[in-house]
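S.K.: Construct the entire structure; sequences and hints are all you get.
If you read the protein sequences in the order shown, they are chains A and B.
Each residue of the first sequence is one higher than the one before, starting from 109 at the first, in my numbering.
Each residue of the second sequence is one higher than the one before, starting from 6 at the first, in my numbering.
Don't read these hints as lab results, they were simulated from the structure.
A quick note: this is a predicted structure, and the numbers were derived from the prediction, not measured.
Don't take each hint at face value.
Partner residues aside, some chain A positions facing chain B, computed with beta carbon under 8 Å [unchecked claim]:
#	residue
1	I307
2	T311
3	G312
4	G315
5	T316
6	E319
7	S339
8	N343
9	K347
10	P392
11	P396
12	K422
13	G424
14	P426
15	I449
Using N, Cα and C, we set each Cβ at its ideal position, and we do this for glycine too.
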Amino acid sequence: MPQSKTMSSSRKGAHNKWGGMTIRIIALAGSWVMLVLWALNPAIAQSNLFDGKTITYIVATKPGGGYDTMGRLVARYLEKYLPGSQVIVKNVPGAGHLVGAKMIYAADPDGLTIGSFNTGLMYWQLTADDLSELDLTKMSWIGKAAVESRVLVVSAKSNVKSLEDFHNVDHPVKMATSGQSSASHQETELLAKAFNLNIQIITGFEGTEAELSMMRGEVDAYLGSASSLKSFVDNGNGKIILEIGGKPGSPLPQASALAKTDEAKSIISLIETQSQLARLTAGPPGIPQDRLQPLRDAYMAAFADPGLIAEAEKLGLPIVPAAGDIVAERIRADFGQKPEILALLRDLLKDE
Amino acid sequence: MLETSVSSLLGIFLSPHMMMLMTMGVSVGLFFGIMPGLGGKLGVIFLIPFVFGMDPIPGAVFLLAMHSVVHTSGAIPSILFGIPGTGPDAATIVDGYPMAQKGEAGRALGATLCASGIGGVIGALFLSLLMPFVGPIVLAFSPAEFFLLAVLGITFIAALSGDSLLKGLIVGLFGLIIATVGLDPNSGESRYTYGQLFLWDGIDPVTAVIAIFAIPEMIALAARGNLADDDDAGGFRYTMRDVWEGCLDVFRHWGLTLRTSIIGAVIGLIPGLGGDVASWLCYGHAVQSSKSPERFGKGAVEGVIAPETANNSKEGGALLPTLYFGIPGSSGMAILLGAFVMLGIQPGPRLATDQVDLVWALIWTLAIANILAVLLLLAMAPWLSRIASLRTGLLVPFIIVLSLLGCYLGAGAWQNFVLVLGLGALGWLFKKYDWPRPPFVIGIVLGPIAEDSFHKSMALWGPGFLLRPLSLVLLSIIVVTIALYIARTRRKAVPA
Numbered sequence: 109m110p111q112s113k114t115m116s117s118s119r120k121g122a123h124n125k126w127g128g129m130t131i132r133i134i135a136l137a138g139s140w141v142m143l144v145l146w147a148l149n150p151a152i153a154q155s156n157l158f159d160g161k162t163i164t165y166i167v168a169t170k171p172g173g174g175y176d177t178m179g180r181l182v183a184r185y186l187e188k189y190l191p192g193s194q195v196i197v198k199n200v201p202g203a204g205h206l207v208g209a210k211m212i213y214a215a216d217p218d219g220l221t222i223g224s225f226n227t228g229l230m231y232w233q234l235t236a237d238d239l240s241e242l243d244l245t246k247m248s249w250i251g252k253a254a255v256e257s258r259v260l261v262v263s264a265k266s267n268v269k270s271l272e273d274f275h276n277v278d279h280p281v282k283m284a285t286s287g288q289s290s291a292s293h294q295e296t297e298l299l300a301k302a303f304n305l306n307i308q309i310i311t312g313f314e315g316t317e318a319e320l321s322m323m324r325g326e327v328d329a330y331l332g333s334a335s336s337l338k339s340f341v342d343n344g345n346g347k348i349i350l351e352i353g354g355k356p357g358s359p360l361p362q363a364s365a366l367a368k369t370d371e372a373k374s375i376i377s378l379i380e381t382q383s384q385l386a387r388l389t390a391g392p393p394g395i396p397q398d399r400l401q402p403l404r405d406a407y408m409a410a411f412a413d414p415g416l417i418a419e420a421e422k423l424g425l426p427i428v429p430a431a432g433d434i435v436a437e438r439i440r441a442d443f444g445q446k447p448e449i450l451a452l453l454r455d456l457l458k459d460e
Numbered sequence: 006m007l008e009t010s011v012s013s014l015l016g017i018f019l020s021p022h023m024m025m026l027m028t029m030g031v032s033v034g035l036f037f038g039i040m041p042g043l044g045g046k047l048g049v050i051f052l053i054p055f056v057f058g059m060d061p062i063p064g065a066v067f068l069l070a071m072h073s074v075v076h077t078s079g080a081i082p083s084i085l086f087g088i089p090g091t092g093p094d095a096a097t098i099v100d101g102y103p104m105a106q107k108g109e110a111g112r113a114l115g116a117t118l119c120a121s122g123i124g125g126v127i128g129a130l131f132l133s134l135l136m137p138f139v140g141p142i143v144l145a146f147s148p149a150e151f152f153l154l155a156v157l158g159i160t161f162i163a164a165l166s167g168d169s170l171l172k173g174l175i176v177g178l179f180g181l182i183i184a185t186v187g188l189d190p191n192s193g194e195s196r197y198t199y200g201q202l203f204l205w206d207g208i209d210p211v212t213a214v215i216a217i218f219a220i221p222e223m224i225a226l227a228a229r230g231n232l233a234d235d236d237d238a239g240g241f242r243y244t245m246r247d248v249w250e251g252c253l254d255v256f257r258h259w260g261l262t263l264r265t266s267i268i269g270a271v272i273g274l275i276p277g278l279g280g281d282v283a284s285w286l287c288y289g290h291a292v293q294s295s296k297s298p299e300r301f302g303k304g305a306v307e308g309v310i311a312p313e314t315a316n317n318s319k320e321g322g323a324l325l326p327t328l329y330f331g332i333p334g335s336s337g338m339a340i341l342l343g344a345f346v347m348l349g350i351q352p353g354p355r356l357a358t359d360q361v362d363l364v365w366a367l368i369w370t371l372a373i374a375n376i377l378a379v380l381l382l383l384a385m386a387p388w389l390s391r392i393a394s395l396r397t398g399l400l401v402p403f404i405i406v407l408s409l410l411g412c413y414l415g416a417g418a419w420q421n422f423v424l425v426l427g428l429g430a431l432g433w434l435f436k437k438y439d440w441p442r443p444p445f446v447i448g449i450v451l452g453p454i455a456e457d458s459f460h461k462s463m464a465l466w467g468p469g470f471l472l473r474p475l476s477l478v479l480l481s482i483i484v485v486t487i488a489l490y491i492a493r494t495r496r497k498a499v500p501a
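M.R.: Pasting the structure below:
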């Protein structure tokens with residue numbers, strides 16, 4: 109123990125010797141920083157409602173993953189185009205993005221709380237009984253960042269090779285989805301209904317588990333986003349037989365072209381909206397126009413920034429941005445369909 | 006192959022830049038490991054901005070060095086305070102904390118450090134040897150095998166129950182029930198959620214483990230008034246000789262060390278099982294294979310060695326599917342994979358042929374980072390014991406705040422604090438009335454895997470899934486395990 113005593117006393121000595129000096133340097137540096145900030149303040153204080161304000165950007169997932177990465181990227185560049193503001197990212201995960209979305213919905217409509225969540229909450233809303241805590245048609249839409257077209261992939265190990273095979277095989281085609289309340293499940297059900305596919309859904313496949321299951325030859329097919337399935341298909345493990353929401357001129361067979369009935373068309377349109385409006389950013393209902401417009405402008409300016417474009421490319425996040433008014437219109441259009449179509453979709457989603 | 010391997014090693018060793026990156030990565034990793042609730046996944050998220058613009062190999066080496074050593078330091082709070090630094094280090098509490106209480110903190114630390122280091126190196130070796138066979142091995146494990154592995158783990162409840170099997174079963178089943186809270190993975194029905202959205206995703210295992218283990222220990226500590234046992238000679242004071250003694254223990258139990266390293270690496274290799282399963286299965290294996298299982302839970306050094314080798318060796322295993330299929334073995338690996346892609350590394354089967362130098366650099370990184378972490382912590386070991394000289398009045402609030410922070414980070418909801426208090430009170434009752442707590446964790450960790458994979462297996466194959474070849478092997482292991490347990494309790498009962 110004596111060893112430790114000498115150590116601590118020598119450390120104390122060192123502290124005395126350096127302490128005064130350090131404090132003086134810190135004080136000096138601190139006052140300089142204050143002075144510079146004070147001097148700069150008028151220079152950056154343009155007629156900007158967000159100057160000196162802190163904007164909270166809610167990401168409805170845990171840290172890590174696509175939503176978080178995109179959210180942090182957007183937040184950093186929003187800060188750049190809303191001079192004088194500070195944008196902080198807050199992760200509010202839970203209940204398949206519902207917790208985060210409700211938190212955004214409940215925030216004050218001053219434009220200082222915005223955020224991002226899964227577009228799949230549209231399916232939730234179609235079947236929800238109570239919209240008092242979240243109603244997507246009322247939100248203040250700021251923009252969307254990407255297009256995530258959906259692809260129907262069949263495993264290389266399966267004897268199902270084409271959309272026709274779905275009708276020809278004598279047993280139901282096994283398809284993997286995640287939980288029953290998930291967007292992946294809803295879309296698989298809807299697709300089966302639209303094209304009258306004979307399928308058996310097997311639930312509980314999270315993340316890349318569905319790909320592994322196809323590689324083991326357990327399930328035959330999977331409906332997922334094109335970007336997440338790209339390497340699976342590139343490595344020769346499966347084949348894309350159908351695309352929903354593909355770019356014009358896409359070489360893949362498009363679901364919209366194959367949909368014949370009104371019912372099928374409205375189903376495919378709903379999934380297409382999902383794919384077009386990926387990586388949304390929204391605020392609570394009722395953000396006044398003089399605040400919403402600067403947010404939308406900054407959002408679009410951010411996505412035109414070469415820095416953001418380069419970073420997104422490096423992160424493997426494809427971007428196809430659109431401003432909030434377009435998003436709002438599209439969402440209103442989908443929820444504003446004929447009541448009988450809405451009722452049909454609701455029945456399809458609920459009837460499981 | 007050998008040539009590339011040696012040149013990769015020299016490329017790392019002889020480059021001051023690489024060694025500096027590695028040391029920095031390891032230091033950050035040790036910090037994220039030792040702080041309850043942080044862990045490797047958040048570590049990668051934290052470091053991603055720093056590797057932006059780096060070349061692929063240095064960037065990957067830096068991140069992997071960080072990610073591969075978090076469990077080395079994560080065991081330190083497990084042993085000293087009964088609080089896991091990371092989820093998989095929770096298994097180390099069961100014997101590590103009693104060892105510290107008995108005045109063997111130094112030995113426990115020595116054992117955990119050496120076990121982690123050796124586990125990490127064996128994991129790296131495993132990675133290099135299994136490269137050609139990774140495809141068939143990963144694909145051999147279907148939901149049927151997942152289910153049976155989980156059942157095998159659940160049978161370990163018997164071994165972990167201590168004196169009373171009945172108490173162990175009750176606690177274990179309680180863990181299984183807690184694991185069902187949340188949305189039913191199959192039907193989407195909400196179970197035991199009482200209209201609370203934060204319960205939809207279930208109860209976070211880290212939160213449950215902190216509540217059941219850490220909170221009761223802190224209550225006991227506060228009540229006793231001092232970290233060191235009754236007199237100031239006991240408890241934490243230890244010499245480097247104790248630490249060496251612990252290191253030697255790892256070699257004395259070399260068979261166990263080797264087996265748990267390999268089990269850990271295999272579990273790491275199978276996507277979807279995760280680090281908690283690796284360390285608890287290996288802990289269960291240590292109890293099961295011991296000649297004197299009654300010592301476990303009371304400070305048996307094997308109980309520290311087994312989970313610690315496993316949670317470091319699993320990193321090597323988990324890297325394989327991540328690199329070759331682009332399918333991460335764990336959530337931490339998923340984030341790491343994202344970062345690798347960002348650095349310009351394209352995972353896939355072609356990596357083995359096109360970028361051999363990168364693969365070898367990663368293998369060496371695993372090995373060197375693990376050794377480096379052990380050396381760094383051994384150098385710090387004398388100072389760690391100083392924590393004992395802190396007054397409980399200062400220490401307990403600090404640790405409680407840290408564990409609550411860990412719970413908050415685990416699930417990101419304030420309601421978790423309420424949950425921690427409730428489960429913590431229960432844990433305290435368990436401790437006070439001498440009910441075994443490890444079966445609870447087995448239940449909460451393995452319950453969801455068992456449920457989900459059972460459902461999938463039934464949907465895919467019907468009850469016939471039990472007759473798959475690998476299923477039959479696992480079934481027979483389960484039967485033998487149960488038979489051994491019965492035989493052992495009979496034998497014990499006869500002389501008594």
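S.K.: A/P392 was flagged as interface toward chain B. Is the shortest Cβ-Cβ separation under 8 Å?
M.R.: With a minimum Cβ separation of about 17 Å from chain B (threshold 8 Å), the hint on A/P392 is violated.
S.K.: Given a cut of 8 Å on the nearest C-beta pair, is the interface hint for A/T316 held or broken against chain B?
M.R.: holds (5 Å)
S.K.: Once the shortest beta carbon distance from A/K422 to chain B is found, is it less than 8 Å?
M.R.: Given a least distance of 6 Å, the restraint on A/K422 holds.
S.K.: Does A/K347 meet its interface restraint, that is, does its C-beta lie within less than 8 Å of any C-beta in chain B?
M.R.: Result: violated, 17 Å to nearest chain B Cβ.
S.K.: Does A/P396 hold up as a contact with chain B if the rule is Cβ-Cβ below 8 Å?
M.R.: violated (29 Å)
S.K.: Is the interface hint for A/G312 satisfied, with its Cβ closer than 8 Å to some Cβ of chain B?
M.R.: holds (5 Å)
S.K.: So, as I understand it, the hint says A/N343 touches chain B; can you test that by seeing if any CB pair is closer than 8 Å?
M.R.: Nearest chain B Cβ about 5 Å off; hint holds.
S.K.: Holds or violated: A/E319 as interface residue toward chain B, Cβ cutoff 8 Å?
M.R.: holds (6 Å)
S.K.: Closer than 8 Å between Cβ atoms is the bar; does A/I307 clear it against chain B? Give me holds or violated.
M.R.: The hint is violated - A/I307 has no Cβ within 8 Å of chain B, the shortest such distance being about 12 Å.
S.K.: Take the shortest C-beta to C-beta distance between A/T311 and chain B; is it under 8 Å?
M.R.: OK, holds: A/T311 within 8 Å of chain B, min 5 Å.
S.K.: With a cut-off of 8 Å, does the beta carbon of A/S339 approach a beta carbon of chain B closely enough for the hint to hold?
M.R.: This hint holds: A/S339 lies near chain B, its Cβ roughly 5 Å from the closest one there, short of 8 Å.
S.K.: Given A/G315 as an interface hint, is the shortest Cβ-Cβ distance to chain B below 8 Å?
M.R.: holds (7 Å)
This entry does not satisfy hints 1, 9, 10, 11, 14, 15, going by the numbered hints stated previously.
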